[in-house]
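Engineer: Just so we're on the same page, our numbering is the position in the sequence shown counted from 1, plus 161.
It should be emphasised that the hints constitute simulated quantities derived from the structure, not laboratory data.
Hints should not be assumed to be uniformly reliable.
[Stated by the list, open to error] Taking CB as the label site, the calculated pair distances span:
#	residue 1	residue 2	range
1	A194	R256	45 to 55 Å
2	A389	A312	42 to 52 Å
3	A262	G205	39 to 49 Å
[Unchecked claim] For lysine to aspartate or glutamate, the following EDC-like pairs were computed, each having C-alpha atoms within a straight-line distance of at most 20 Å:
#	residue 1	residue 2
4	K280	D257
5	K280	E245
6	K289	D271
7	K280	D236
8	K280	E220
9	K381	E207
10	K289	E209
Yeah, the Cβ is synthetic: ideal placement off N, Cα and C, and Gly gets one too.
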Amino acid sequence: MPSKHRLNPIIACLSYVFAAVLVAGDAPGSASAAPQIVAAVPTGEEVELTCADGGCSAEFSTICLQQSRTPPSRDTAYGLHGLERAAIAFTGTCRDGSEVALAPELLRFDSFRGHSAFKFSVPSALLKKRGLTRLTVKVERLAMLPPVPEAGDPKPQTAADVALALREVKTTGGYWAARNGENIAMVRLTSRIINRLPHKGSISAAESEALWQQALAPEKELTGEPLAWNRRYVDYCRENALLPGSFQCAIAPAMPTTGSSRT
162 MPSKHRLNPI IACLSYVFAA VLVAGDAPGS ASAAPQIVAA VPTGEEVELT CADGGCSAEF
222 STICLQQSRT PPSRDTAYGL HGLERAAIAF TGTCRDGSEV ALAPELLRFD SFRGHSAFKF
282 SVPSALLKKR GLTRLTVKVE RLAMLPPVPE AGDPKPQTAA DVALALREVK TTGGYWAARN
342 GENIAMVRLT SRIINRLPHK GSISAAESEA LWQQALAPEK ELTGEPLAWN RRYVDYCREN
402 ALLPGSFQCA IAPAMPTTGS SRT
């Protein structure tokens with residue numbers, strides 16, 4: 162069995178498989194230039210931030226808006242474009258159970274796995290400072306996230322680049338979201354599982370089944386082969402993550418492409 166102090170390999174496995182759900186691939190770009198602008202995918206529900214080690218965070222799925230640029234390396238800092246702040250609802254729960262809206266600019270946005278997954282986080286001290294017991298984030302619609310500018314960047318994101326990416330969100334992105342309902346549902350389901358898994362150690366088959374049922378409950382319209390595909394690889398990752406170095410999710414067969422999941 163894996164050590165309880167080892168980062169849960171099931172999370173890495175699931176994330177690796179579902180990186181292909183949203184984007185088919187990337188074109189090469191300049192390694193020294195600013196990375197791609199991305200868009201956070203709608204969550205359909207509030208996602209609770211988990212607090213540990215001085216921070217509160219959760220993982221969110223994202224899509225690339227600029228295939229001509231390189232994906233971000235891990236922990237690349239991104240920001241919330243001013244016009245997009247209304248797309249992300251950041252909410253705190255007070256000790257008396259009431260809720261308060263928080264400025265989404267309080268969140269930190271960092272790339273986690275290329276352009277396909279980002280970590281949204283705040284220092285856990287925010288809870289004490291605001292008298293809160295719980296923090297949640299809901300991405301209401303596709304929300305554009307540009308990289309934070311760096312001094313000396315030979316090819317920064319210009320105002321024209323940002324404006325073009327914003328148009329992509331509102332036109333092509335909206336069309337893509339409408340045509341890929343099943344893919345988005347699959348990503349929501351997988352993200353829900355990832356955010357509820359323990360970050361260290363492993364889980365049993367019974368725990369995995371309970372987690373699956375809880376995560377699946379909101380996805381009433383996810384059925385047929387897309388649902389079966391999702392379940393096969395959740396099981397695959399749980400089973401193979403128990404064997405050190407053996408979870409080769411990158412060689413998983415192609416995603417189902419029937420119905421609305423076709424791009």
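Engineer: Run every hint past the structure and note whether it holds.
Structural biologist: Evaluation of the provided hints:
1. A194 <-> R256: 45 to 55 Å: Given range 45 to 55 Å: holds, Cβ gap about 47 Å.
2. A389 <-> A312: 42 to 52 Å: Hint holds: Cβ distance 50 Å, inside 42 to 52 Å.
3. A262 <-> G205: 39 to 49 Å: With Cβ atoms ~19 Å apart, the hint is violated.
4. K280 <-> D257: Violated, at about 28 Å.
5. K280 <-> E245: holds, 17 Å
6. K289 <-> D271: violated, 23 Å
7. K280 <-> D236: With Cα atoms ~9 Å apart, K280 and D236 stay inside 20 Å; holds.
8. K280 <-> E220: Holds, at about 5 Å.
9. K381 <-> E207: The hint holds at about 17 Å.
10. K289 <-> E209: Distance of about 17 Å is within 20 Å: holds.
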